[in-house]
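Novice: Residues per chain are reported as follows:
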Amino acid sequence: MAASKTLRIALAGKPNAGKSSLFNLLTGLNQRIGNFPGITVDKRTGSCQLDDDTMAQVMDLPGIYSLYPRTVDEKIVTDILTNRNGAHYPDCVVLVADATNLKNSMLLLTQLIDLQIPTVLALNMMDLAAKSGQNIDVQALAAALDLPVVMINARTGQGVAELRKLLATRFKASSKTIYKTGKELELLVNDIQQKFNLATPYQAYQFLQQTDNLSFLSSEEKTYISESAKASSFFQHKYQGAETVMRYGFIQDLLNKVTLKSSDPEWKKFSYRIDKVLTHKVWGYLIFFSVLLLIFQAIFAWAQIPMDFIDNTFAQLSNVLDEHFPDGPFFDLVTQGIIPGIGGIVIFIPQIAILFACISILEESGYMARVVFLMDKLMRKFGLNGKSVVPLISGLACAIPAIMATRTIENWKDRLITIFVTPFMSCSARLPVYTILVALIIPDDKLFGFFNYQGLVLMGLYLLGFFAALISAFVLKFIIKTRERSYLIMEMPTYRRPKWSNVGYTIIEKTKSFVFEAGKVILAISIVLWVLASYGPGDAMTRAEEVVKSEASEVELSEEELEARVASYKLEHSYAGIIGKTLEPVIEPLGYDWKIGIALVTSFAAREVFVSTIATIYSLGGTEDEQTIKGRLRSEINPKTGGARYTPAVGLSLLVFYTFAMQCMSTLAVVKRETKGWKWPLIQLVYMTVLAYVSAFIIYQSLV
Amino acid sequence: MESLKSIAEMLPGETAVISGFRDDMLSVKLLEMGLLPGTVVRFNFTAPLGDPVCITVSGYDLSLRIAEASTITILN
Chain A
1 MAASKTLRIA
11 LAGKPNAGKS
21 SLFNLLTGLN
31 QRIGNFPGIT
41 VDKRTGSCQL
51 DDDTMAQVMD
61 LPGIYSLYPR
71 TVDEKIVTDI
81 LTNRNGAHYP
91 DCVVLVADAT
101 NLKNSMLLLT
111 QLIDLQIPTV
121 LALNMMDLAA
131 KSGQNIDVQA
141 LAAALDLPVV
151 MINARTGQGV
161 AELRKLLATR
171 FKASSKTIYK
181 TGKELELLVN
191 DIQQKFNLAT
201 PYQAYQFLQQ
211 TDNLSFLSSE
221 EKTYISESAK
231 ASSFFQHKYQ
241 GAETVMRYGF
251 IQDLLNKVTL
261 KSSDPEWKKF
271 SYRIDKVLTH
281 KVWGYLIFFS
291 VLLLIFQAIF
301 AWAQIPMDFI
311 DNTFAQLSNV
321 LDEHFPDGPF
331 FDLVTQGIIP
341 GIGGIVIFIP
351 QIAILFACIS
361 ILEESGYMAR
371 VVFLMDKLMR
381 KFGLNGKSVV
391 PLISGLACAI
401 PAIMATRTIE
411 NWKDRLITIF
421 VTPFMSCSAR
431 LPVYTILVAL
441 IIPDDKLFGF
451 FNYQGLVLMG
461 LYLLGFFAAL
471 ISAFVLKFII
481 KTRERSYLIM
491 EMPTYRRPKW
501 SNVGYTIIEK
511 TKSFVFEAGK
521 VILAISIVLW
531 VLASYGPGDA
541 MTRAEEVVKS
551 EASEVELSEE
561 ELEARVASYK
571 LEHSYAGIIG
581 KTLEPVIEPL
591 GYDWKIGIAL
601 VTSFAAREVF
611 VSTIATIYSL
621 GGTEDEQTIK
631 GRLRSEINPK
641 TGGARYTPAV
651 GLSLLVFYTF
661 AMQCMSTLAV
671 VKRETKGWKW
681 PLIQLVYMTV
691 LAYVSAFIIY
701 QSLV
Chain B
1 MESLKSIAEM
11 LPGETAVISG
21 FRDDMLSVKL
31 LEMGLLPGTV
41 VRFNFTAPLG
51 DPVCITVSGY
61 DLSLRIAEAS
71 TITILN
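Residue numbers (our numbering), protein chains in the order written: chain A, 1 to 704; chain B, 1 to 76.
Keep in mind that the hints were calculated from the coordinates and are not lab data.
Heads up, a few of these hints could be off.
Derived lysine-lysine pairs resembling PhoX-like cross-links, with alpha carbons at most 25 angstroms apart [claimed, not checked]: (1) A:Lys-268 x A:Lys-180; (2) A:Lys-238 x B:Lys-5; (3) A:Lys-512 x A:Lys-499; (4) A:Lys-512 x A:Lys-413; (5) A:Lys-377 x B:Lys-5; (6) A:Lys-180 x A:Lys-230.
Computed far set for chain B versus chain A, every beta-carbon distance over 12 angstroms [what the hints assert, rightly or not]: (7) Ser-3; (8) Leu-4; (9) Glu-9; (10) Glu-14; (11) Leu-31; (12) Thr-46; (13) Asn-76.
Glycine included, every Cβ here is placed at the ideal spot set by N, Cα and C.
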């Protein structure tokens, strides 16, 4: 049957070798992002038709230089490739190599040969190699390694058809052995190989080298291996170093035989010339900050049009359904809970898509490595790392993909600090809250007739979040202890034109992961909140209409006004209202009343819910129109003072609170997943909430 | 030779041959990236703030922190 013909193919290779491009070429849109069970590494798989009767499952493995992992993502590769009984063990591997720098890809190739996994070497970027004056004798290379070699161009798709055909033939593993463990290890390796019934000695050797990294071994098995290793005085680092030197010796001899080189670095001159400007001490930073500004502009200005469109569409959808559905709790849940909940997720898609388009272009072009290079020293002063820059920038759109992007940071401490401080970056969910409050309390005047006050305050809030992140990181640097060393050994790829289809695939992938990761939580919480806000104890809810009618008997109310008042009354007497009132004594020192308390409760799921809650609470019906809400808030009276409720002090206190507080369930969920436990998300929640409370307290008390 | 120079002490544009490592833990990772004893290394430039540095080794560019570069000794 067809099912028996499904081949499992894994794509391996170093970062920037063109692995993802090849994956996209092979699978097109038939790809899925999943998770490896138990761990959080993204699993990119896709199906591909090799020939008329062979289907293949293609898996894109994280980019690696060798089987010895450096980051959490990389561990999975060793785990898959050394476990022949594993669910993900491939029938064959395509090793994608950068032909301009073949040496660098060969280390992993020789390890795959020793594991006796059928492997095809796909030489990518042969055009560039030719330009650099290198000519590779493909036949000699294939003969020397006893494995098939295919020349491909992952940009144009050249050679991919040939690769497909070859993969369908189910070729055999190479008969060569590159690395033979020394005599002194023979007994030990043999013992492990027999004990675990392994196919190759090198597999046994990997069990010894990476005992702790292999998730499929039980703790008894791990103890057995480490004890045997100790008994035979097996030192992991010593042997790993010797192995690498031996492999490179073999590789160098081989490459001397198969490459014709005229050693012409001419083709790199262009890249060097760009580097002179982009890593210049003045121009480098200027250009980087201009790029940041451009990303900002893209996220906040250009995303507005599709966001408004989505907003209106969902509001209309809710209204239309509301009119056509009969009354009843289920239909209310759909029109008031679920649909706005989904709308609340979809509305962020434009910003997330634009942000990841920008990041992916920067990565594809090779510029991102230069950003890391420029920023590393600066970031290190704050306990961060050059590689923290990308997550921090991503945090401006949404902390969820940003925290997932920290996986490229090798050092655990650096990574943890980055995860911890990223939620301080003002994400797009804070923007609607900022906009309405800033418009409310800051006059729309210009400083020196040029700088708009409101714009300045808005910028100040973003800077406030950024500095809170830096200072927190700086403090954490001294608190978290680690024995692990921080290092930065990073390839600087040659500059090249981004491949647009790869940018497209990245956008789809990241957006999908946001919608499904964060979306689930946002949707669930918005349903819970809807229930809290729509139901209350006793018969207050059912009697709402008559109470409001009798209260307002002397005033003439239009139908709409009456409806809005009923909604407001209901919210006041709902469970959410009760929580808000219970909270009042706690938040009073910050200048808030129970109405704001309700908004704080509901915006715990997602901050932007603040706006719609405020709209309901002040009987504004379903509107989210800024002018209407602003007008209503301005006329709200504080019964204790007789003055306006939303004084500048209250407004600023709220703004600071929203800047610092961790009001995002989905972020907490992601942090829990990435740090493997509740410890860090809870510390983060407490820390951010306390910081928010204390800062808001100081602001309010010093202003009134 | 009493004191060997390290990559961290090289000048932009200078080339040298790697002789060994001062740090066992790091050497494993550096070896994997193709920094082998006997390999020619070229020092390209430093980042504007003096750290990290960019070098060329076996045909490609690599960036390292000064702390890492100083564990790689060179012949001169």
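Novice: Work down the list of hints and note, for each, if the structure agrees.
Specialist: Here's how the hints hold up against the structure:
1. Restraint check: the Cα-Cα separation between A:Lys-268 and A:Lys-180 comes to about 37 angstroms, which exceeds 25 angstroms; the hinted pair is violated.
2. Restraint check for A:Lys-238 and B:Lys-5: the C-alpha separation of about 24 angstroms stays at or below 25 angstroms, so the hint holds.
3. Using a Cα cut-off of 25 angstroms, the hinted pair A:Lys-512 and A:Lys-499 holds, with the two alpha carbons roughly 20 angstroms apart.
4. A C-alpha spacing of about 29 angstroms is found between A:Lys-512 and A:Lys-413, which places the hinted pair above 25 angstroms, so the restraint is violated.
5. Distance check on the hinted pair: A:Lys-377 and B:Lys-5 sit about 23 angstroms apart at the alpha-carbon level, within 25 angstroms; holds.
6. About 20 angstroms separates the Cα atoms of A:Lys-180 and A:Lys-230, which keeps this hinted pair within 25 angstroms; it holds.
7. No Cβ of chain A comes within 12 angstroms of the Cβ of B:Ser-3; the nearest lies about 23 angstroms off, and the non-interface call holds.
8. Non-interface status of B:Leu-4 relative to chain A is upheld: no Cβ of that chain comes within 12 angstroms, the nearest being about 18 angstroms off.
9. With a least CB separation of 18 angstroms from chain A, B:Glu-9 remains clear of the 12 angstroms interface cut-off, as annotated.
10. In this structure B:Glu-14 is separated from chain A by more than 12 angstroms, as the shortest Cβ-Cβ distance comes to about 15 angstroms.
11. A cut-off of 12 angstroms between C-beta atoms contradicts the statement that B:Leu-31 is not in contact with chain A; the least separation is 4 angstroms.
12. With a minimum CB-CB distance of about 9 angstroms to chain A, B:Thr-46 fails to clear the 12 angstroms threshold, and the non-interface call is violated.
13. Separation of B:Asn-76 from chain A is adequate, the least Cβ-Cβ distance of about 22 angstroms exceeding the 12 angstroms criterion.
Hint compliance for this structure: hints 1, 4, 11 and 12 are broken, all remaining hints hold.
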